[in-house]
Amino acid sequence: AQSVAQPEDQVNVAEGNPLTVKCTYSVSGNPYLFWYVQYPNRGLQFLLKYITGDNLVKGSYGFEAEFNKSQTSFHLKKPSALVSDSALYFCAVAAVNTGFQKLVFGTGTRLLVSP
Amino acid sequence: DVKVTQSSRYLVKRTGEKVFLECVQDMDHENMFWYRQDPGLGLRLIYFSYDVKMKEKGDIPEGYSVSREKKERFSLILESASTNQTSMYLCASRGRGWGYTFGSGTRLTVV
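Residue numbers (the working numbering), protein chains in the order written: chain A, 1 to 115; chain B, 1 to 111.
Hints are computed from structural coordinates only; laboratory data are not their basis.
Take these hints with a grain of salt, some might be off.
[As the list claims (entries may be wrong)] If you want the footprint, here are the derived chain A segments under chain B, 3+ residues with CB under 8 Å:
# : region
1 : 36 to 50
2 : 101 to 110
[Claimed, not checked] Cβ-to-Cβ under 8 Å is the rule here; a few derived chain B residues that face chain A:
# : residue
3 : F48
4 : S104
5 : G105
Keep in mind the model is a prediction, meaning the values are calculated, not measured.
Ideal Cβ placement from N, Cα and C applies to all residues, glycine included.
So that you can see chain A by itself, here it is in the shape it has in the complex (with noise of 0.2 Å):
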């Protein structure tokens, strides 16, 4: 079955410094790979996606992901925080299960960034 783990509970990092959030996934087959945000009682807004083609994806507001499938690992970066980056970060896998297709996603992880 298809699974996505997100070590950290939550990631903090002082604006202006890079971030990482770190996402593992376990998949048969090839793997479709998804980052999503949602910030407070707001619904997930899409940031990338690794589907095939370059290792390192960019997506919406900066950030960019790395598909490393030796590691089995799709971290999500940006060279430069910013205060309103601090959301809730998913990361997902979408899965193909008896004919239909559904995203699986990680426990979550969330970033603070501090002025």
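Starting from the structure of chain A, add chain B where the hints point.
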């Protein structure tokens, strides 16, 4: 802009009540999903639908049912609400391809 609209942002219901959560999308998407979000557990799939009147159980369907009579509308039904169903409920839709669009969520409190 594409939209998934959930009818209520906040809802308070009593134990044993029948509760309806409504979700409407304007993108003519075939696939619609209901998730619940709980701290430390992330998002868990309750039910999904791949066409009108078609539904599939997700990972935690117990205590819930769904209805999809029209393509744009997907309803989640709590047959007899219980306090352990207090949660944030998120609806999503997906067309052909990999793009999922989420609604803003309904925070349900069962007292």
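Coverage of the region 101 to 110 of chain A by chain B (three or more Cβ within 8 Å): It holds, with 8 qualifying residues against the three required.
Residue hint S104/B, partner chain A, criterion CB-CB below 8 Å: 4 Å, holds
Agreement of hint G105/B with chain A interface, Cβ distance less than 8 Å: 5 Å, holds
Status of the hint placing F48/B at chain A (closest C-beta pair under 8 Å): Where the cut-off is 8 Å and the nearest Cβ of chain A is about 6 Å from F48/B, the hint holds.
Outcome, coverage hint (the region 36 to 50 of chain A, chain B; C-beta under 8 Å; three residues): holds (count 8)
Consistency note: the structure conflicts with none of the earlier hints.
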